[in-house]
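Peer 1: The residues making up each chain are set out below.
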Amino acid sequence: DVKVTQSSRYLVKRTGEKVFLECVQDMDHENMFWYRQDPGLGLRLIYFSYDVKMKEKGDIPEGYSVSREKKERFSLILESASTNQTSMYLCASRRLGTGGAGTEAFFGQGTRLTVV
Amino acid sequence: AQTVTQSQPEMSVQEAETVTLSCTYDTSESNYYLFWYKQPPSRQMILVIRQEAYKQQNATENRFSVNFQKAAKSFSLKISDSQLGDTAMYFCAFDSPGTYKYIFGTGTRLKVLA
Numbered sequence: 021d022v023k024v025t026q027s028s029r030y031l032v033k034r035t036g037e038k039v040f041l042e043c044v045q046d047m048d049h050e051n052m053f054w055y056r057q058d059p060g061l062g063l064r065l066i067y068f069s070y071d072v073k074m075k076e077k078g079d080i081p082e083g084y085s086v087s088r089e090k091k092e093r094f095s096l097i098l099e100s101a102s103t104n105q106t107s108m109y110l111c112a113s114r115r116l117g118t119g120g121a122g123t124e125a126f127f128g129q130g131t132r133l134t135v136v
Numbered sequence: 014a015q016t017v018t019q020s021q022p023e024m025s026v027q028e029a030e031t032v033t034l035s036c037t038y039d040t041s042e043s044n045y046y047l048f049w050y051k052q053p054p055s056r057q058m059i060l061v062i063r064q065e066a067y068k069q070q071n072a073t074e075n076r077f078s079v080n081f082q083k084a085a086k087s088f089s090l091k092i093s094d095s096q097l098g099d100t101a102m103y104f105c106a107f108d109s110p111g112t113y114k115y116i117f118g119t120g121t122r123l124k125v126l127a
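Chains as they are written, first to last, in the numbering used here: chain A, 21 to 136; chain B, 14 to 127.
Hints listed in this document are in silico derivations from the structure and should not be mistaken for laboratory results. Hints may be right or wrong, so weigh each one.
[Unchecked claim] BS3-like cross-link-like pairs, simulated, lysine-lysine; straight-line CA separation at most 30 angstroms: (1) B/Lys-86 to A/Lys-77; (2) A/Lys-90 to A/Lys-75; (3) A/Lys-23 to B/Lys-124; (4) A/Lys-38 to A/Lys-91; (5) A/Lys-91 to A/Lys-23; (6) A/Lys-91 to A/Lys-75; (7) B/Lys-83 to A/Lys-23; (8) A/Lys-23 to A/Lys-73; (9) B/Lys-124 to B/Lys-83.
[As the list claims (entries may be wrong)] The calculated label-pair distances, taken between Cβ atoms and stated as ranges, are: (10) A/Thr-103 to B/Ala-14: 41 to 51 angstroms; (11) A/Leu-61 to B/Lys-91: 24 to 34 angstroms; (12) B/Ser-43 to A/Val-136: 21 to 31 angstroms; (13) A/Glu-76 to B/Glu-65: 21 to 31 angstroms; (14) B/Gln-27 to A/Glu-99: 32 to 42 angstroms.
Every value quoted in this text rests on a predicted model; they were computed, and no experiment measured them. The C-beta atom is built at its ideal place from N, Cα and C for all residues, glycine as well.
Work out the full structure, taking the sequences as your base and the hints as a guide.
Peer 2: Next comes the structure, spelled out in structure tokens:
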């Protein structure tokens with residue numbers, strides 16, 4: 021079974037802290053994603069990557085950065101956490117299909133981040 | 014840019030009944046993929062069903078089937094014989110070659126009533 025593991029299920033951080041959310045997958049997937057999930061807004065893409073050391077901005081990258089030093093690990097970094105970054109964060113991965121599309125994504129359990 | 018719209022924020026259905034969740038999308042691509050994902054209260058998102066745009070035949074997976082209308086850019090999910098375990102958020106998603114990412118809708122929260 022494919023497994024996508026997020027380092028924390030619940031996290032509480034203070035405003036201004038630097039926050040690291042880690043995601044590890046065990047199926048040698050090339051494509052990895054970080055989404056933010058908020059009620060009524062669905063899943064919004066923060067960053068994605070389709071290769072080691074490659075990263076692409078999604079729809080809402082402001083205030084975030086990512087790191088992909090190894091194929092299996094994709095980290096999301098909140099440089100200076102703010103209260104409007106309180107949210108559910110979902111990591112996902114998939115293998116790249118033909119043309120880089122069409123394959124199933126596997127998700128982590130999510131990290132509920134609260135910034136106080 | 015592609016967009017995905019789910020116009021039903023919440024729905025409910027009686028156990029054993031049939032329910033249809035709607036999804037529309039906008040794209041200028043001719044080759045793409047559409048998905049329905051389910052997120053139960055436990056939060057682990059899982060794939061329900063997948064459709065390839067160039068296939069005219071509607072995808073089915075046991076009690077789950079889709080009504081794919083390419084010209085209308087509509088991709089609805091039908092759940093037959095609803096079960097309590099179908100209670101979840103359902104997300105429609107779009108994917109096309111060369112983009113390396115999914116575009117998700119805002120989700121429909123489905124509650125199956127005993």
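Peer 1: Could you run down the list of hints and mark each one as holding or not?
Peer 2: These are the hints, each one checked on the structure:
As the CA atoms of B/Lys-86 and A/Lys-77 are separated by approximately 27 angstroms, the hinted pair is consistent with the 30 angstroms bound. Annotation: proposed proximity of A/Lys-90 to A/Lys-75 holds, straight-line Cα distance about 12 angstroms (limit 30 angstroms). Pair hint A/Lys-23 plus B/Lys-124 holds up; C-alpha atoms about 27 angstroms apart against a cutoff of 30 angstroms. Distance check on the hinted pair: A/Lys-38 and A/Lys-91 sit about 23 angstroms apart at the alpha-carbon level, within 30 angstroms; holds.
Taken as a hint, the A/Lys-91 and A/Lys-23 pair is honoured in the structure, with Cα atoms around 14 angstroms apart against an allowance of 30 angstroms. Simply put, A/Lys-91 and A/Lys-75 have alpha-carbon atoms about 12 angstroms apart, close enough for the 30 angstroms limit, and the pair holds. Annotation: proposed proximity of B/Lys-83 to A/Lys-23 is violated, straight-line Cα distance about 33 angstroms (limit 30 angstroms). The hinted pair formed by A/Lys-23 and A/Lys-73 meets the criterion: a straight-line CA distance of about 21 angstroms does not exceed 30 angstroms.
With a C-alpha separation of about 28 angstroms, the suggested pairing of B/Lys-124 with B/Lys-83 holds against the 30 angstroms cut-off. Taking the beta carbon of each, A/Thr-103 and B/Ala-14 are about 29 angstroms apart, not inside 41 to 51 angstroms as hinted. One distance hint, 24 to 34 angstroms for the beta-carbon pair A/Leu-61 and B/Lys-91, holds here, with the actual separation near 26 angstroms. Range check, B/Ser-43 to A/Val-136: about 48 angstroms between beta-carbon atoms, so the 21 to 31 angstroms window is missed.
In this structure the supplied range 21 to 31 angstroms holds for A/Glu-76 paired with B/Glu-65, their Cβ-Cβ distance being about 24 angstroms. Remark: the range hint 32 to 42 angstroms for B/Gln-27 to A/Glu-99 is contradicted by a beta-carbon distance near 49 angstroms.
Checked against the numbered hints above, the structure breaks hints 7, 10, 12 and 14 and satisfies the rest.
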